[in-house]
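> Here is what each chain is made of, one letter per residue.
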Amino acid sequence: MLIDVAQDGQITIARVTGEVDMANATQFADEVLGKIGDDATALVVDLTDLRYIDSAGVRSLFEIASTLKLRESFFAIAVLEDSPLRSVLKVTRVEDVATLCPTRAAALDLARLTSG
Amino acid sequence: MKSALRRYLPQGGTLSEADWASRHRGIVALMWVHALAIPVYALVRGFPAVHTVLESAILPIAALIAGHRVLTQRIRTLVAAAGLLTASGLLVHLSGGLIEMHFHFFVMVAVVSLYQDWIPFLTAIGYVLIHHGIVGALDPRAVYNHPAAIDEPWKWAAIHALFIAGISAASLVAWRLNERLLAQRRHAEERLRDEARVARNLSDTAAMLATERDLSHVVQQVIDAATEHTSAEFGAFFYNVVDDSGEAYLLHALAGAPAEAFARFPSPRNTAVFAATFKGEAPVRLDDVTQDPRYGKNPPYHGMPKGHLPVRSYLAVPVRSRGEVIGGLFFGHGEPGRFSEFDERIAVGIAAHAAVAVENAKLFEAERKLRHKEEQARRRLAIIAEASSVLASTLELDTILRNLGELLVPAVADNCVIDFLQHDGSLRRAHLAIEPRAAEAYARIGSPPNDPLINDHPAVHVIKTGRSILVEEVPIAEISRVIEGEEFQRLAIDLQPRSAAIVPIKARGGVLGALTLATTAASDRRLTPDDLTLLEEIAHRTATAIEIARRYEMQREAARTLQQSLLPSRLPELPALRFAARYLPGKSGAEVGGDWYDVVAVPYGGIGLVMGDVVGHGIEAASLMGQIRNALRAYAFRERDPGVVLERLNALFTGWNAIDQMATLLYAIFDIETGEVRLASAGHPPPLIRTSDGTTVVVDGARGTPLGATSGARYRSSTVVLQPGDTVLLYTDGLIEDRVTSLDRGIDALRSIAGQPFSDLDAFCARLVTQATADRAVDDDVAMLAMQYTPFGDVVDLRLPTDPWILRPLRSAMRRWLLEAGATADEASNILVATTEACANAIRHPAGPRMRTFELHAERNSRIRVDVKDRGRWRESNGSRTGGRGLKLIDDLVDEVQITKGPPETIVSMMYGLAAHGTV
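So the protein lines, in turn, are chains A and B.
Each residue of the first sequence is one higher than the one before, counting from 738 in the numbering used here.
Each residue of the second sequence is one higher than the one before, counting from 106 in the numbering used here.
Worth flagging that the hints you see were computed from the coordinates, not collected in a lab.
Predicted model only: the values in this text are computed from it and were never measured.
Some hints here could point you the wrong way.
What the hints assert, rightly or not - Okay, the calculated beta carbon distance ranges per label pair:
id, chain 1, residue 1, chain 2, residue 2, range
1, A, Q744, B, T929, 33 to 39 Å
2, B, L848, A, D745, 52 to 58 Å
3, B, A930, A, A743, 26 to 32 Å
4, A, D745, B, G989, 33 to 39 Å
5, A, D767, B, A756, 25 to 31 Å
6, B, T796, A, Q744, 47 to 53 Å
7, B, R655, A, A743, 27 to 33 Å
Stated by the list, open to error - Chain A is faced by these chain B residues, among others (derived, beta-carbon under 8 Å):
id, residue
8, W910
9, R913
10, R916
11, A930
12, V938
As the list claims (entries may be wrong) - One-sided and incomplete, this derived list gives chain B residues near chain A with beta-carbon spacing under 8 Å:
id, residue
13, A868
14, D931
15, L937
16, T941
We put the CB at the ideal spot given by N, CA and C, even for glycine.
Please model the entire structure based on the sequences and the hints provided.
Structure follows, in structure tokens:
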């Protein structure tokens, strides 16, 4: 798993590649949360190039979501429509705490729109 | 009157035997002439034959007696004198008193005076007087032939007596002169003989002294010779010596008297009698010392002390050498007037020779001492030089001590013991170099008690104080205090210790131990303060060598520990992979090398394989190796490409590389799912791939420069794909080359060994190492890492560690397995998520702390079946933020799930139908 973090205005974009499982899920959450800009109003987690995620990764997404909720920030996850990951996210009802977008661009647009 | 007579009259009886004999021979011959001539004269004169014979028979008889050697000289002389005068009487008688025949008497008296002896001379005078007086008075005609004499025989006797007196006086004067000449000659001869004797005595003494070099012998011979050659009863030679410390002493040698005779008396230095001699003034020769005005002037004795040998005659001569008085010769005799000028000259002569001989002896002694000193200094330097080379020859402490012991025994002492202070304060007997007798005894009764040494053992004292001890004479009583055990004490006494020295082995950090040396009867040497200095020097060098050896040992230990800690303690157990590795330290060098291998987890499901070799040995190599290893692990976690990892490493390394070090490195990332190997090499020997049928391939992609060689070096990655059953082999150059074999030939040899069939990967490695290093000394370290790729078959049975990091490689292996089975990406994903969730549960909730594994069983046919079994129980709680999702995921993603909840075990059994098989 590798995480690239970029700032686009008040939006923090974290691109995750590789695989997230119980071995690195904690690291995943810590790293993403640690890199959210102080004045960020939205976070986009780009999972379009992620190969694998399981319940441990999902748990980290929930953790990230609850932090963002406290900050009243917007949380979008970019995951391809036909990605096997989408079923994992759906089953675990990630969409309850984050907005799932089919592309990174869509997630960014939505974030800009929401955070004004 | 008497002396006047003695002066003018001859002494008589002064003829030598030879002179008398020659004169007597002439006189006897003269007698025979008369004995023959007189009868002839008688016959001519008309005497009847019988008368002639009867009258002259007396002459041959007298001649025979005088010539007879058996008779004494005096009788023969008397007979000769009487015979000659009888011949005169006969001639006078036969001539009928012919006056001319009376002259014969005068001649004969002169002839007899030739004997230069009073008795024959007076006999001759008396004969003439009796003949003329008595015979003349009785029968004047028989004596004189002229009438006037016949008429007055007494008158003519008186006239003849005057003539006799005259011839006598003349003879006596001649005689006396003769005697004087003789006496003068004899005196001259005697003088010559004396001179010769002095010369001979002196030359004998000189010759004797010339061969003598020992001072005490020289002085003894001087006084012996001087006493013998003079008239002395006893003699003494007092002489000055200066000892090593510069102090002067007066010693003496005696002759003719026992040493005790003067032992009680002080040296004869400052008294009035002796002073002249010690000041180097003229010889003192006294007929009676007790009568000399200088005698008896000095306290405390005022003369000879009581018990002194009685001395009357006294002779003393100074012994001078180069203007300096070095002593004196003193002679004595109990009777007065014994010493002559001759004695004095002998004494003076011997004193001169003595001076030379004493000087020679002193010079010789000084030279000998100097030579001895030089010899000792040379010997010590040689020992120190040898000790230095012995100490530097090795870094093995025990070898150092053994060599040192062998040097010190027997070069310096007979026994050597080296004790070491241990960390707990006790002493360890580190080495023992002992004489054969002791060694034999030890072999018989066992080794001496070692540690702890008795508390007041001198070695303990030396170690505590750091100061050396020298015992120049070992007191036997001390042995029981120093040596424990009766038998060993007896042995020590039996060896007859002579001297001992203990010196501390002092290092900067304190005293490390002590060096104990002892001499015994074996060599009968004594250790001297000079030896102690030598031993201290050697101990100092020993301490330095020990420090170096210890530091070296520590470094080597640290390097070994470091290196071992840097190698994986155990290779990972990964699904679809088998690992084996070997590490073989170099045989020739005791130092560890900088070879290492590593298996690291990398992102994207890869396995990183590392094989590196830091050029060099020891702690620096090992620590550099550790740095590279850790840096690589960090980069491996961030970079996907092996070439980039090497570039980063090289940049880092050239930054560190102030000490010009290099390392070769091979880094490969293996993808379990695809079998793809991406690798990059920094000057490292190429890996080998052995396929399942025994074919070998050298993966000789682009090889970059070693790390640290050039900054900014580029490294290209190349790719090779492993087929199921393939084995990839990484190694360091120690496996394939040494200093003679070339790299290519080494690789060829390795390929032929690797091509042989094998059953077990570990056995494969063992065989490779054994065969590749056979028949050569492996100088370098050898490291080797083998990985065999064994993708899953239709049925999978795994026992996996309860380690979260196993999940990713497991998924990789399973993904390949699922895709092979015809699963779509979605199907594979679903199965993998479900399997991972089941495994995660087993990992998260082990049955106990020792439950470190769980089992996975999978089958692929028309459907996929995966069972995950652990000995814990299923933890399902709604409070858990993950547990619920895990089960939900499994439930949702697989077709069927059956959970058997223990005890004794929990089994999650999942079934999945594949669209390709129509089993959905």
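> Are any of the numbered hints broken by this structure? If so, which, sorted upward?
7, 13
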